[in-house]
Amino acid sequence: MENRASEVSGMPRETVTDRRSEREVVVTRTFDAPARLVFEAWTTPELLMKWWTPKSFGITFISCEADVRPGGTYRFVMGHPDFDQPMAFVGRYLEVDPPRRLVWTNEESEDGSVTTLTLEERDGMTHLVLRDLYSSKAALDEAMTSGAIGAYPEQFNALDGLLETLR
Amino acid sequence: MFRPGPMFALDEPVKKTILNHMVQYNAQHVDTSFAALSDATRRGVLEQLGRADASITELAARFDMTLTGMKKHVSVLEGAGLVTTEKIGRVRTCRLGGRGLEEEAAWLERHRRLWAARFNDLDAVIEELKRKEKADGKSRK
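Line order of the protein sequences matches chains C and H.
In the working numbering, each number is its position in the first sequence, counted from 1, plus 253.
In the working numbering, each number is its position in the second sequence, counted from 1, plus 911.
There could be a bad hint or two in this list.
Said to hold, decoys possible - In the DSS-like style, the derived pairs of lysine-lysine whose C-alpha atoms are separated by at most 30 Å in a straight line are:
hint	chain 1	residue 1	chain 2	residue 2
1	H	Lys982	C	Lys308
2	C	Lys303	H	Lys1049
3	H	Lys998	H	Lys983
4	H	Lys998	C	Lys303
5	C	Lys308	H	Lys1045
6	H	Lys982	C	Lys303
7	C	Lys308	H	Lys1043
8	H	Lys998	H	Lys982
9	C	Lys303	H	Lys1041
Calculated from the structure, these hints are not laboratory results.
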């Protein structure tokens, strides 16, 4: 039913990714809600914990701190059953302009991107654009080959096990 | 941030190729990779291609095999996405890893899946906020 509503307004809820330039990757999606609610979900730790680690990926939040103001820092700590150590994602908010714009750094790895979230409201719907801008083409290429996002740790473990038996 | 632990006794380029591959494809592809790696000759071919690209003829000579036998091994590695081949004239050259553009497309698709899954959960959070706002609005009247 919700999908039908978004189709009527001509904005399907499809998530699209695109390499916009040598050092930029863009994700777009439309939400059936005013921008202020989408913004709230991006800037409130209790709400972020409900959606940032998708259930289907088996990753869970251990803690989520976000001081959402210019210069404020965030720290998302996550765990996966197959990992001994939790993973921390850290950075700083550079711009906070509710309910339209949020800019932050990603500092858990060297040469991390700067992410810009923009929300554009139209007829009660919100069009979301998420831009990851890297410092250089090499930095984005590296991110694309290092598997920093969405890697499958259980498969690494399985491979470790298999290769042990092959030695 | 997902750094695999100590791994196995293969050269660095080979490890990197296998890892990239594991990261970019789903479990089904991983099974194919495992099958491809279960053979000593094929692991040897990967090691060899980690040092330099080679033709099927060169690989066959190096591993003391028939051309047909080596072609079969290479096609298994190719099917698993661990090796790509390119025919120029009469020579088929084998190299480690997938083609650059395919790797980028695979990464973008993986990135898209992660965000689509997040946004799916985000929809539920936003629906909850909308319900709450509506209920608060009514109770204020």
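For each hint, the structure was consulted:
Between lysine 982 of chain H and lysine 308 of chain C, the direct Cα distance comes to roughly 43 Å. Violation of the 30 Å bound is thereby established for this hinted pair. Between lysine 303 of chain C and lysine 1049 of chain H, the direct Cα distance comes to roughly 26 Å. Compliance with the 30 Å bound is thereby established for this hinted pair. Among the hinted pairs, lysine 998 of chain H with lysine 983 of chain H is consistent with the structure: their alpha-carbon atoms are about 16 Å apart, no more than 30 Å. Between lysine 998 of chain H and lysine 303 of chain C, the direct Cα distance comes to roughly 51 Å. Violation of the 30 Å bound is thereby established for this hinted pair.
Between lysine 308 of chain C and lysine 1045 of chain H the CA atoms are separated by roughly 27 Å; this keeps the pair inside 30 Å, and the hint holds. With a CA separation close to 51 Å, the supplied pair lysine 982 of chain H and lysine 303 of chain C exceeds the 30 Å bound. Proximity of lysine 308 of chain C to lysine 1043 of chain H is assessed by CA-CA distance (about 23 Å); at most 30 Å being required, the pair is judged to hold. For the proposed pair lysine 998 of chain H and lysine 982 of chain H, the alpha carbon gap of about 13 Å is at most 30 Å, so the pair holds.
For a cut-off of 30 Å, the pair hint linking lysine 303 of chain C to lysine 1041 of chain H stands: about 15 Å separates their Cα positions.
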